[in-house]
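S.K.: The lines below spell out each chain.
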Amino acid sequence: MLSRTADNLYWLSRYIERAEYLARILEATHRLSALPLAYAGPSNEWESAVATAGCAAAFQSAYAEPNEETVTDFLAFSLDNPSSIRNCFEVARANARAVRTALTMEMWDAINGAWLEIRGFGPARKSRDEISRFLRLVQESSLRYDGSAYRTMLRNDAFWFSRLGVYMERSDNTARILDVKYHLLLPAQQHVGGPLDYFQWAAILRTVSALTSYRWVYRDSVKPWLVADLLILNNQMPRSLASCYENLVRNLDLIGQAYGRQGLAQRQARAIRARLETSRMEEIFQAGLHEFITEFIADNNRLGTTITQQYLV
Amino acid sequence: MAVMRRATMDQCRGAGETPCQWGDLAMSSVSAQTTVPQKRTLSLVRRDLRPSEGPGPSGFDEMWGRDRLVRAPYSELAAWLDQIPPGVLDQRRREAELVFRRIGITFAVYGDSEAQERLIPFDVIPRILSAAEWDRLRQGLEQRVKAINLFIKDIYSRREILRAGIVPEDMVFQNPVFRPEMNGLKVPHDLYVFVAGIDIVRVDAETFYVLEDNVRTPSGVSYMLENREIMHRLFPDLFSRHRIAPVDNYPDELLATLKSVAPGSTVSDPTVVLLTPGVFNSAYYEHSFLADKLGIELVEGRDLVVKNEIVYMRTTEGLKRVDVIYRRVDDDFLDPLTFRPDSLLGVPGLMSAYFAGTVTLANAVGTGIADDKAIYSYMPEILKFYLGEEPILKNVPTWCCRRPADLAYVLDHLEELVVKEVHGSGGYGMLIGPKADKMSLAAFRDKLKCQPSAFIAQPTLSLSTCPTCVEEGVAPRHVDLRPFVLTGRDRIRIVPGGLTRVALKRGSLVVNSSQGGGTKDTWVLDH
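Chains as they are written, first to last, in our numbering: chain A, 507 to 819; chain B, 3 to 529.
There's no promise every hint is true.
Said to hold, decoys possible - Computed footprint of chain B on chain A, listed as stretches where at least three residues anywhere in the stretch have a Cβ under 8 Å from a Cβ of chain B: (1) 704-712; (2) 775-783.
Stated by the list, open to error - Residues of chain A clear of chain B, computed beta-carbon distances all greater than 12 Å: (3) Asn601; (4) Asp635; (5) Asp663; (6) Leu732; (7) Arg767; (8) Arg786.
Just so you know, these hints were derived from the structure itself, not from any lab.
Computed from a predicted structure; not experimentally measured.
A virtual CB, placed ideally from N, CA and C, is assigned to each residue, including glycine.
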């Protein structure tokens, strides 16, 4: 297939995945900020949301203060933020339009339909109801896109490249939320189980849609090291780093087999997966959670570059 | 945040440079003033479908004829329209619009950033041709396209038609669309035009005119195919009452045509690609639609690379050789090394591969010399010269303003005529005499005197009308027809019908989609 087509499919999936992640951050933050101060603590959740979305610098140059209104506007609707949900859908659709022939009707319909609806949310200030409707729409659109890809695409390189986009973006997002919140997950925190932290952890789990999964996996109250284990090492959990890498390796292998050639991307992905498979949470905490995550983010970005060089240009 | 996607907007900002070849259709004396007065406006009231706003005393309606009796091809449709409950058409029309919007069948209008993607209005009432009518059209189209191919070959080789004095030399050599690079080049199978869109208008039951030949990068065929699809979906009952020649084999016919003209050097199954200027081109939807239906790659200039006079595309598995390029990029933008150096849409070195004969371009470079509006007026003589036959399809009588006698006539009768720019398209830059005010007539008179050779003039024809769904109900609207003619090494293929365009504004003669025209499904019956 054309390199440009593969590139478009890859980024299309990344942007849809990114939009969904942003919608989850906003939803979780709205919930957290609605709690009484005694539960949520004094920290500014909205500032943390911007950091988790990875656009603190851009935000600071556009707004004076992070609060509900400015952050929601910036992450969801702003045209100045290249990674706002609205812009994610703009770019996703532009990519989709450029590769119409590589998409199934259902996938196009999911993207185009969502794009048309999202455009319907004008520049005017939105009520909480509208915002919540908007965030639901974004998540449903992402599900619909993903579902139609699963159900309707031929299992060939087009499908595999679009999957690579999903998992590269997903592992990046999970790593970033860990990066911002890691201090909350350190076992050194003594007031374990206090109401303040409980809601913080719950918010993290909500952002990766894993609050219910957590209980099923650990059958325990929310504990920080278990949250870290779930997000990093547990391969049952679809948004964990381990699960993302299982999928990245599988899809890269399928591409390699189809083309009859393995490359650097396959080797890098396998090395990262091996590290996730052989690590145990205790060791990670001992060596430093923050260092581990920082290193992972760098490795993940390196793999992204390799995939681009190997296939997409 | 991670890696920002490189800007997609800069990719093909220059892509608007390729105007899709929508012919411009304008003529007829019909205007609002000639409307037959009626007591009440027509609505979708049952059993009252006859046109209330008549096309005027001289107008020919394809359903009602001149004498307001249903013509044979429309008998079933008329009975059906008479039968259906009120509101059905309107409801189906809205349904169709919804579907089209969702599928994303849009086109861009240049200079209109608000409506960058606009929907072409679709009219749900089909336009119907009998088998006999179509048969004559088909023969005429084949004849015309054959002659066009012979003419282009001659112009770029022996130039017998110039030596015989049938077409004036300066009209060829001073024509900006003449490509000296093509002189003496042996193209595969001596064919230049593989895909032609010939615009046809009708003035009465017997007379069809060719209004314009489009032999560069004609567009519109995707609408022909989509219109049929949606009609099947919306009106299954209406289909069961008719036997209609299918059009959905067009992609197969096109692919067969393109494969048949691969360069002789091609060893195995030829690789065909569709070259588009990119997403900002007005016909991009069509490009992606066709590539999909044909199962070929939709490439942009940056996807292709030329090495040792061979064209390759960049794929995830490395470079892959390309044999046939169905290009929807204009000559000027094909290769910055040969043509416009500022073009970002093309492929550097493409022409070197073309000259080396390792790749087929469809259509060939330099075909514009045959669909120029001034050359058009010579088409009857061109046909006779190469084929020794009388044209089956007539030309609209045309005054070439470059001839002094014609110019004098045109200046004297400006208010009766339609004047067009020789190189214009899309219905822009023309004068419709009967509808123009004094100021614009005077302005055009000056333009004509200044640069007579840039213009041609034609009488205002009374174009046929077809019943059309409009806000007030069902009313006659002017139509034209663009059939698509495919020329392969083995034979000529034409799927029955084509794209009917309709001027939705009452009395209007401009069917261009960029100026408020719509489309209809075109049915060719089996009897």
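S.K.: Output the numbers, in ascending order, of every earlier hint that fails for this structure.
M.R.: Of the numbered hints, 1, 2, 3, 5 and 7 do not hold.
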